[in-house]
Structures are given as structure tokens and as C-alpha cells.
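Sequence lines, in order, name chains S and X. Heads up: the first sequence at position 236 corresponds to 236 in our numbering, and the numbers run straight through without jumps. So the number in our numbering is just where the residue sits in the second sequence, counting from 1, plus 1000.
These are computed hints drawn from the structure, not numbers from a lab. Hints may be right or wrong, so weigh each one.
Said to hold, decoys possible - Computed footprint of chain X on chain S; a stretch qualifies when at least three of its residues, placed anywhere within it, have a C-beta under 8 Å from a C-beta of chain X: (1) 56-65; (2) 79-87; (3) 93-107.
As the list claims (entries may be wrong) - Result set (DSBU-like, lysine-lysine): computed pairs, CA atoms no more than 35 Å apart in a straight line: (4) S:169 - X:1257; (5) X:1156 - S:74; (6) X:1156 - S:169; (7) S:74 - S:99; (8) X:1156 - S:99.
Unchecked claim - Output of the computed footprint for chain S on chain X, the stretches with three or more beta carbons under 8 Å from beta carbons of chain S: (9) 1140-1151; (10) 1160-1172.
On a predicted model such as this, the values are computed, not experimentally measured, just so you know. The beta carbon of each residue, even a glycine, is placed where N, CA and C say it ideally should be.
Each chain, written out:
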Amino acid sequence: MTAPGSEIVALRNVGKTFDSGITALDDFTLHVRAGEFVSLLGPSGCGKSTALRIIAGLSAPSVGAVEWPDGAGKIGFVFQEPTLMPWADIAANVRLPLKLAHAGEAQARAAARQALEHVGLAEFATAFPRELSGGMKMRASIARALVTEPHLLLMDEPFAALDEITRFKLNNDLLGLWQALRRTVIFVTHSVFESVYLSQRIVVMTPRPGRVFADIAIPAPYPRDERFRTSADYAGYCRTVSEALGQAMGGAP
Amino acid sequence: MSERALRVGLPILVLVLVVLAWHTAVRVLAIPPYVLPGPGLVLTTLIADGGLLWHSLLVTLATTFEGFVLAAIGGIGLAVLFSQSRLVEYSLYPYAVILQVTPIVAIAPLLLIYLPQPLAVLACAWIVAFFPVLANTTLGLASVDHNLIALFELYKASRWQLLWNLKLPAALPQMLAGLRIAGGLSLIGAVVAEIAAGSAGAGSGLAYRIAESGYRLNIPRMFAALLLLSLAGIAIFFVLSAVSHLALRRWHESAVKRER
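Chain S on its own, in the form it takes in the complex:
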């Protein structure tokens, strides 16, 4: 396990050009330290999801390299949609990563139960995905990402499709989980407000091709709660990040 504070993964001068000729990433460099909560912020189409998929190994960089100083550890991935198997109940969905790794049945059940407890879905273990609300499905998806106890959690706009009330609730729950479990999180979003609320550090990206435009630290202490969301500090960080995003997109702030 990587010691807190040391580098867990780095993208060095990564470029990605698709078969269609579109360049999603160009000379993209990112260092992530263990235990960190980093957001990739940018407009849609700026290659932030591509960067996440490259880190996950789901996509190969055209140029550049992905480096794991202490070896590639276990990764959890949360997609924009819940991406649950509709024919399997929630517990079976959460168990899936362990099943694919040929873990013992009893061990997998225990781990799934614990992951569901972490996200507050313990009593819905035998429900089917279609019986749950959008927010609950996303919780199940997060439980599945946590079940292997990954060192690195990659989240691709996981709350973009949810209503604001649910999104705020899940933001708080995610921060609670991050503080309790001390995993590294790389969080992709196009929301300035969400990225400021959640992250220690925000990487603002330019669109087409995706490059790092600014790397902004959000030094506000944790735990963050609704008081932080309505504080002057929060508004100030949001303004800074918003301006950076505006410049990244080529417009005047």
C-alpha cells in the first residue's frame, strides 16, 4: 500500500487521438498523491473522462505514459450511469468484482454487506436495480466500486444525472466515506460548485485538446458540510475556479 502523501499514479505527457481523428488529450500531465481528493474540471468534451479511462486501463494513451510508482493497485470505477446488471439483485451487483476475481462466496457476501452498509443500502440488498431510485442506484454503484477495497477510486461525473437534493446528499456521503476509508479519489465533473465543495485540489482543463490549464488548491478544512457550502470562503473559491475555467475555455472571465 502506498504511504499517504507519496505519489500513487502519474500521467506523463499523455496524448490520446481517437480513430476518428479527434484529439481528446494533448501533453496532459497529472500527479496524484495517495489519500488525495482531486477533481478534473472542464466543459464536456475536454477529455477528462478519457483521462480517467486511461488511468483505469480501459483506454491506452496514444503517446506518453501512465506511471504507478508502487505498482498498479486495485482500482474502483464509478460511471456516469449506475451501470448495474438489471437481472441481478443489488447484493449480487455489488459482489460482482469479487466474483470475477474468484473470491470465496462467504467472503464476497460479507464484503458486499459491508460495502452496502457504507453507502446506507443494507436493507435493499435483495432489491432489483429497477426498484431503486436514481440516487440509490448510484449508491449501489459506489458500493460496488468500494467492495474490492481499492486504493484508488475513479469517478466519472457520477452525480451529473441526479437532482440537486440527491446530489448534495451524495456529495456529503462521499466526503464522509473518503474521510472514513482514506482512499485516493479522482473525481471528474463539469460543475465548479461540486468540485470546490469536494476537492482538495482542482485540475482545470482546456477543451479540445484537453490540457491542464490550472491546478488550484482548495485549502478549506474537512469535514465540510452545509455551512461550508454557504460560506464566503466557498463563494470565493468558486469565483477563482470559475474564472480559471472561463479562461481555459478561451473566453474573458
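Using the hints provided, position chain X relative to the given structure of chain S.
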């Protein structure tokens, strides 16, 4: 009246009216039974020839069932093979289509020359029934959520795990739809082959009884056999629909009752 009562009641009402009209027409116009037997005579014939027709029905149903099972195995097996290897798919799929679009009535006499009769009948049932299973299962296997495939890749699932835990369950609704069509088609295939064989003077299935009764102008028996055949078709449809419903009722939108 409730929706359900209407759905069951109305078709029954139509049936009763049609049978009544049929009965009245035969009576009033004094149509002789060798032209058009009345419903009463068809029913008496069905009972009187019950033993013979029942035996024939079992022969036809056995062929249908065997054809269906082989179509299910062949269709699903080929679809899985196609999903594993694009080369195999490109090589064989056109021939599956050709087999499907060539009318079975035209193939049956040839098969009867080259194969022993029971085998030829079975082959006909298989040929017409396997394509919908193949086409539907292929579609189902190809329509899996791309993010779920990415998830399986992320957790380094083997080919076999991907097939067994993701692709096959995801394709189940389409597969069952294909099987439901195949059930009816394998009955049609069996009947076509029996008719073709019947004109060659052999066989004992229900369709052969129809052909034979036709030569003997035993029209009431033709009707009785026809009635049995369509009852068999309806039964096959309902059994396969029930199986499909049971398999999908917990999760697939097609089988889940909509809440209002």
C-alpha cells in the same frame, strides 16, 4: 368490466358468434358435409377419430419438440460462436440467411429424397425454427451496455466470465423472443415436411392425416385435424410465453407490470 375480463371474454364471444353463424349457414343453406361440415359434425368426428388423431398429434408434436430443441441449441450455439469470432460470423451468417429465405416447401421434397423420412421432417422443422433464435440471440449478445463491458474489463474478467455473467443474461430477453417465434415455426416446418412426405405416401403425423383425408374427401376429419393442429400451436405459444414471463418477471421491462 375489468381489462382482464374483456381480454378473455371478447375473443370467446367472437368465437361463439362465428361458430353459431357457421352452424346456421350449414343448416339453412343445406351445405353437404363433403363441402363444408358443420361445427357439430367436426366435433363428433374429433371424438370418433380421437384415438387415431391423438396418436398423429403426438407424432407431430414430438417432431416439433425435437426440431425446437435442436433449433434452440443450434441458434444459441451459433450466436455465441459468432459473438466470439468475427471471422466465423462473416463466413457463416450469409448462409444462415440463405437457408432462411429459401422457402421450406421447396426444400422439403429434396430433403425427403436424401434423408430417411423422420429425419427429413425433423430437418425441415429445424431449418425454419433456428434462424429467429440465431438472429435474436445475435442481436441480444451485441447490445450489451458498453459501460458494463468496460466494468468487466476493469476487473479483468475472462472471456468465459464475460459471456456467462454478462452477455448471455443480457441477451436473455431477445433470446426468449426468438425461442417464442421458433416454437410456432418448428410446428410449421414439421407440418410442411409431413405434407410433402404425405404426397410421397408415407408418415403418420397430423399433417399427413390432413393430406390423406383430403384425398378421401373426408372433409370433417380434415377440419378435426386442423383444429387439433391450431390448438397445438396455441398451446406452444402459451407455454413459451409463460416461460419467458417467468424468466424475466423480476427485472425486464417487458415482463414487469407498470405501476400507475
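Verification of the supplied hints:
no.	hint	result
1	56-65	holds (count 3)
2	79-87	holds (count 6)
3	93-107	holds (count 5)
4	S:169 - X:1257	holds (31 Å)
5	X:1156 - S:74	holds (11 Å)
6	X:1156 - S:169	holds (32 Å)
7	S:74 - S:99	holds (15 Å)
8	X:1156 - S:99	holds (11 Å)
9	1140-1151	holds (count 5)
10	1160-1172	holds (count 6)
In terms of the numbered hints stated before, the structure departs from none.
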